[in-house]
Amino acid sequence: MIEQHESQQTDSPQQSGSATQEAQGEQQFHLDTVEHAAQTPDTELPWAELGLKEDEYQKVVEILGRRPTAAELAMYSVMWSEHCSYKSSKVHLRQFGEKVSDEMKKDLMVGMGENAGVTDIGDGWAVTFKIESHNHPSYVEPYQGAATGVGGIVRDIISMGARPVAVMDPLRFGAIDHPDTQRVVHGIVAGVGGYGNCLGLPNIGGEVEFDPCYQANPLVNALAVGVLRHEDLRLANASGTGNKVVLFGARTGGDGIGGASVLASESFDDSKPSKRPAVQVGDPFAEKVLIECCLELFQAGLVEGIQDLGAAGISCATSELASNGDGGMHVDLSSVLLRDPSLTPGEILMSESQERMMAVVTPEKVQDFEAVLDKWEVEYSWIGEVTDTGRLIIDWQGEVIVDVDPRTVAHDGPVYERPYHRPERQDAIQADHFTGSAADADRPSGAAVKDAVLELMASPNLCSKDWVTNQYDCYVQGNTAMAMPDDAGVIRVDERTGLGVALSTDCNGRYAYLDPYNGAKLALAEAYRNVATAGARPAAVSDCLNFGSPEDPEVMWQFAEAVRGLADGCLEIGVPVTGGNVSLYNQTGTEAIHPTPVVALMGVLDDVRRRTPSGWDATADGQAVYLLGTTADELDGSEWARLRGHLGGLPPQVDLTQEKLLGELLINMSRDGMIDAAHDVSEGGLAATLAEMCLRFGTGARIGLGEVAERDGVDEFTMLFSESQGRAVVSVPRSEEVRFKDMCTMRNYPFARIGVVDAVNDALDLMGTASIPLPELKQAHESTLPQYFG
Amino acid sequence: MSANTFEAPLVADLSSPAPDAALKDVRVGIVTFPGTLDDRDAARAVDIAGGTSVPLWHADADLQGVDAVILPGGFSYGDYLRAGAISRFAPLMSRIIDAANSDDALPVLGICNGFQILTESHLLPGSMIRNNHLKFICRDQRLRVENAGTTWTADFTSGQEIVVPLKNNDGQYVCDQTTLDMLEFEGRVAFRYVGHNPNGSLNDIAGVTNARGNVVGLMPHPEHAVEAGFGPDSTAQGQVAMGEGTDGLGLFTSVLNTLINGGSRA
Amino acid sequence: MARIVVDVMPKPEILDPQGKAIVRAFPHQGITAFSGVRQGKRFELEVDGEVTEEVLATARHAAETMLSNPVIEDVVNVSVIDNSDSAEA
Amino acid sequence: MARIVVDVMPKPEILDPQGKAIVRAFPHQGITAFSGVRQGKRFELEVDGEVTEEVLATARHAAETMLSNPVIEDVVNVSVIDNSDSAEA
Ligand SMILES: Nc1ncnc2c1ncn2[C@@H]1O[C@H](COP(=O)(O)OP(=O)(O)O)[C@@H](O)[C@H]1O
Ligand SMILES: [Mg+2]
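Residue numbers (my numbering), protein chains in the order written: chain P, 1 to 790; chain Y, 1001 to 1266; chain R, 2001 to 2089; chain C, 3001 to 3089.
Among the hints, a few may not be true.
Unchecked claim - Coverage of chain R stretches by chain C, computed from C-beta distances (three or more under 8 Å per stretch; other residues unrestricted): (1) 2016 to 2029; (2) 2035 to 2045; (3) 2060 to 2072.
If you are wondering where the hints come from, they were derived from the structure by calculation, not from laboratory data.
Every residue gets a Cβ at the ideal spot worked out from N, C-alpha and C, and that includes glycine.
Generate the whole structure from the sequences, applying the supplied hints.
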């Protein structure tokens, strides 16, 4: 790329640069200063190579009133990239801020737009959480891509002033038997574990799905949650003229600027390495130290504002800190500590080296600040100070190379109204129902149901995920009240009172493919249900929207529909979106992934000891098993349809008013001790729910579905495998049955007694149909991943 | 408790206060190295057992007069080079090594990374290498207490089984044949894996003790099985309600009781 | 029995957290002679018969495809150790 | 700038799980020339000035005390690489 650029542009700044360089002797780079830029308006810059469109470049020129310097070009190009500026998605994401009621805002301390949203959970405690993608890097180098994905999201949480307390990892892989899936699965799982385990953050949940649409496009979404006292809240702003700006943590190297090596044209030194690493290597140990160091800084009140360094590195941190504060900052880039001394100023501004933070410190606290960093042996350098000029000015070896209004870099990026339209094939897709299709030829009945359930529970998407989750530490910190394989992860926040939070991440990409609007609502519904089954009151949403190319109007339609659906859904169910992340261009050639809007939902528990497990144990012997909700023929997009190679029709109906009602029931019943176990019905239908509840603690049940099937007007097969929403299975102690039934009746929620817990027979007995011995079920459930991955 | 507890053993005049109050006077230092993860968990375990936890910093030169020391789990220095290899050189480690080897026989427990630090420091024989399956593993593990005569196992009976979490990358215990014979002959295998050897450790060894029984190291994490609701789903007796397993508590009560009832068993 | 040695190092431009941790620990041991450390891997492949050109080619192939990750590592050496009992001193 | 190489290998009598996994994976890649694999570590120590006997002695000392654990590992090589830009080929 470099050679190409140099040979093409014989008239470029290099020419004049060579002369200057000779004159300056020691000067290694030709420095494209602001002054020089003003004098050489006609110089061509490699804006296209840096990913800017012509009109975007013209806008930069217009903003500055001159051509940008090479360093300014570097800043604008990374900050105006899709990843940093949300230029394709912004117009849609606005709905998350618009479709909110006052009630939803009640507990919101920090909403969208900051590093992560913050929710008041009472008693002076607040919780911050966010989910982000690291999809593309994880395909290139699975271990490091996944590891640095975890590292990045954790830094977002620290930058709010919070202590990170847990992580989660929704993952999507290609077909389980595809040759490349081995590499990707091993690398990504080891990477998530390698980083998270080393940070001492319990992994409390996530997802694993295999589908050919994710071939060459695995999804690695990472969630981190942190807790803080209200008074410890920190924001990313640089205020207080004269305050010092410090960069600390790892040194800056050439990481993550591979694609932008075109900037090497700043240099004339041929010996300069032309290769910049395309892959970032994480150093979880450095990040662990950084966490403890930051927490000590917060505790001692030593920082005014703080910002993590993620995408776009110093460009992002300086322009965001400056534009969110008093609006001015003066930085000397020469003081940045480098791992690779050959980096040019533009590269330093763009570098995405991991494990770095930037903070604003008042002059009188500088010494104390340094003492804390020295204690933790964290490297730092003071790189500038806050000014009241309204300008972000960056020097390099005594010369001004950047002089911009920081808002224009950080906030005034381009906004696209990308065209979108409903795909023509969507009607045909939605008309192709499973029931009655060729794939629906042989519905199992009678004794054959046993093999059907075993096949379902052994399938890649419903099999036990232990092979993955056993590689994650769920115990560290000693506050994990619940984790895999239960419906939600539960973390204690206050050791005295037991106050805590529950989290779940969910998305069914097949539903979203059939109907992106309702697919997004269904993801929300499932996350909501999972948190409520755990006994927690849903409080806040974060999302990670994984889609194909926004330049494809049909993909853009999927995106627009999903955002509309999620925003409408959140308003209906009364939980605000507090932040999230968009990942576009997840496609190979013209084939986009299924739209995958992952919803992460956080709920609050007054006492985490009261959380409800997703299965019954032997002490529950004889307890009544109830099904809440009703079942219809909704097999389109189901796991059963997937087993038979079918994807078409319409996803299950979603009624968020009903979901909310169900949630309230589950929360109240848990609090009042009316239920000992609860598990929602989702992928795989009632069959999967019952199987999982038996397998949770290895205790069986006797179930009769005849009556309830008759009530709902469906056959037993549909009863077992349909994925109708608004359902959960609970076990109720005999002494509580009257109260339980009264509560359902009072709230007018459909319920049916479908059986009893049976600790004696060691089987899931579908009476009159089939009996499945638990050892056989367990074997089927647990063998699949080890069989493929060892 | 101030001054030097080794010169003035706790036993001396602790007959009057209630036993609980006496335990409270035992100060157990928990060392934090850069990258230590389970320090707060170990401190919580000591406090739940009735003692008083005292945070210690690896770079300090002073043991603050603690009566016992725990080197907790984690990835000190990222486990770079070898697990425990860099921490072993911390200033506080020299103090701990001296005190453990001195006549006062300071009780020292190394859990997981702490165990690795103890072998790197040669306070305990052998070493840990990568798990034989090459993966990090987190599971609830059944163990047998083989030696109930150490400072850290006195509240158990020999042969008693417990269930505590195990979580590590490098948990495979190895040593040469002579050392292995010696450990077995002298009864210095403190804990053994039961039912399933999770990492390929020689002779199913999960933990060992030094000859005097004051220094014990083990790979599994007893501090994650001390508080009902936040531990394993089972105990050695069988299944319990979710998270209710507290079989690990015995290690922490052992040291407190041993110190109160007459110092270490040197 | 002969052995082939394969040496793999992290690419120079790639962060090497292990090397970094070691070089920062050295001064605490009074070791100040080294300004940088990088940690790589050394593999010893045992060959039962003779080390022919073909076997060496196979070793090079294994080094590039399995023993190293070309995205972040370089194979810096593939060579034969002759004496079978002790490595080069 | 010169570099000193330190090579550390697991002791022959100690199990080497990583080497074992590699030798088992080889046949799946059609590689059958090797009957055993052992994986060790290679350290490159950067020396700013000249590599004196003293510096080399320090390297040996570091190799024995820190870079290897004598219970499970042997230092099999401490030597100087001369050219500063590329490792031995
Ligand atoms: N990658 C992962 N990391 C951690 N936990 C996971 C992962 N994948 C699945 N799990 C856990 O396994 C359990 C089953 O997953 P899933 O069937 O997707 O749950 P649900 O249907 O309740 O959303 C849940 O507890 C989930 O959190
Ligand atoms: Mg669920």
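Structure-based check of each hint:
1. Figure legend: the stretch 2016 to 2029 of chain R, annotated as covered by chain C; annotation consistent (5 residues with Cβ-Cβ distances under 8 Å, at least 3 required).
2. Proximity of the stretch 2035 to 2045 of chain R to chain C, defined as three or more residues with a beta carbon under 8 Å from a beta carbon of that chain, is established by the 11 residues found.
3. For the stretch 2060 to 2072 of chain R, the stated coverage by chain C is satisfied: 5 residues place a CB nearer than 8 Å to a CB of that chain, which reaches the threshold of 3.
When the structure is compared with the earlier hints, no violation turns up for any of them.
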